[in-house]
Amino acid sequence: MDDIRFLDFEKDYLELKTKLDELKDMAVSKNIDMEDEIRGLEARVADFKAEKYQGLTAWQKYQMARHPDRPTTLDYIQALFEDFIELHGDRCFGDDPAVVGGLAWLEEMPVTIIGHQKGKDTKQNLERNFGCPSPEGFRKACRLMKQAEKFGRPLITFVDTQGAYPGVEAEERGQGWAIAQNLLLMSSLQVPTVSVIIGEGGSGGALALGVADRVLMLSYSVYAVISPQGCASILYRDARRANEVAEHLKMTAPELKALGLIDEVISEPLEGAHRDQESTYREVKARLLFNLRELKNQDVGELVEQRYERLRKIGIFNE
Amino acid sequence: MLDIFNRKQKKKYVTLPVHADDLSSLTVPAVKRCPRCGERTQQEDLNQNLKVCPRCEYHYPLSAGERVWMITDENSFEEFDAELAAADPLGFPGYAEKAAQAREETGLNEAVVTGRATINGYPVVLAVMDNRFMMGSMGSVVGEKVVRALERAGEERLPVIMLTASGGARMQEGMISLMQMAKTSAAVERFSRQGLLYIVVLTHPTTGGVTASFATLGDIILTEPGTMIGFAGPRVIEQTIGQKVPTGFQQAEFFLEHGMIDRIVHRREMKELLGKLVALHSTGG
Ligand SMILES: [Zn+2]
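Protein chains in written order, with the numbering used here: chain S, 3 to 321; chain E, 758 to 1042.
Selected chain E positions facing chain S (in silico; Cβ < 8 Å):
id, residue
1, 849
2, 943
3, 970
4, 973
Chain E residues, not near chain S, derived (Cβ > 12 Å throughout):
id, residue
5, 793
6, 799
7, 814
8, 815
9, 831
10, 912
11, 1025
12, 1026
13, 1039
Quick caveat, the hints were computed from the structure, so don't treat them as lab data.
Each residue gets a CB set at the ideal place from its N, CA and C atoms; glycine is no exception.
Looking at chain S on its own, in the form it has when it is part of the complex (with noise of 0.2 Å):
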């Protein structure tokens, strides 16, 4: 357990853990029978628990969201496919390595795969540039879905990151242009295409890998215009009011859903995906194998024309 990063408000579970697990270790040392006390303390760990995880608000799934064990891209692509090939560059100008693109095998169909790609340490993320991508990164993405469009493969997008990166290059190399291109070509990409939301949906450099057909998102995901603390920056010039502005923004999963953002809420275990990375991963591939399925079996110009309607009537407004 020593290299489980628990999250602050995970503490107290944490220490009721630790607590039985002393009275477990100390049944057999002192080889005494406590079987009653130990079944009395693991119901009150499992009540706890359930109690815990079920009552998360938006702030603390927003940090599980950003959790550094939280599996990635490259996690589920090792996990969930076979023979992946990952494919480098987007021809004009580099290789950005905060987002991953390639091809493998999904059971029966080949696949495109792209997503972002976080580090899950420091010198990790420095390499990653912390998963925020610049506009290599989606025109690299860019490239790679006119690929499966030629080759009639599906699309698969892992969607995690805090957003695009804010840089002086990545603008003066066209940020904006980059990221619109994608929502363009995504809108209209003749494959099938699904997206799932594994961790960090953080505004324009999550969306521009997020439009697809299908729009799956774990339990525990995130998905914001806006960060909450740059929210709550501008709103309260207090970015320590971020917990509270995580509510108004409606960023977690079944909210998303209620709206009709999303199509799916993956389950993940109570703990987290990264606590039974096992179990996240098969309902993952289970979802994913549904769904594209389904769409593989329908006229793909139908596919087109609803992913259009789709987007077409998102928005709220007074008329």
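Based on the hints, put chain E with the ligand in the right spot on chain S.
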């Protein structure tokens, strides 16, 4: 007379007067001081000069009404969907009040005005954003009006002239506003597929989600001198990554140099150039 000037006559908001004697109703000071060179100019002279500083050519910001007036044939503008107004879909604190205040102050219902007009006799569909309305942010109404304008232009086989001015997505509508980026980009794709002309004029300032959607998808992208353009603004860059931005960064001239826009056009020449471009696309397609 133009609908958008007429609609809220009682409001004292700043627009270019359609007639010189309307000047008396303006609430702006009679003398304007240029924020770039400090030159003081009589409001009347500034208006005569299309609100361009006579000394340094600084282009003062314009309202949507002024922009319509500037680039279309007199009395040719006919507004679409003027009644569309923001709802408050998330019950976001302060949003309803802020939107009501923006309506009051600008005399506009939303951050974009759309309609039909002629430019040198050529019919076009026009969309003009107004930065004074909640910083020109894009929520449901802006997304919907932009898409409807593109759809109508498609049906009537007219070119679209889009003048942008925006601080980005409207955070008070949460993910619904972010999705307007996808919605408008998808509509541009549909429109373009019909072989029709889509011209974008980036006006000061155009940033955030609008830059990353319909603003940068034009067949031709024009802008005025000194226009600030970008996805992440300088403050965001400096705060997030601690990088100091160079002088002139993200201005029109910077993006021309980096190959991101077609031309920088002086305000005085904008209408004529738009007319020529539309004419060049009027024979077929
Ligand atoms: Zn001046």
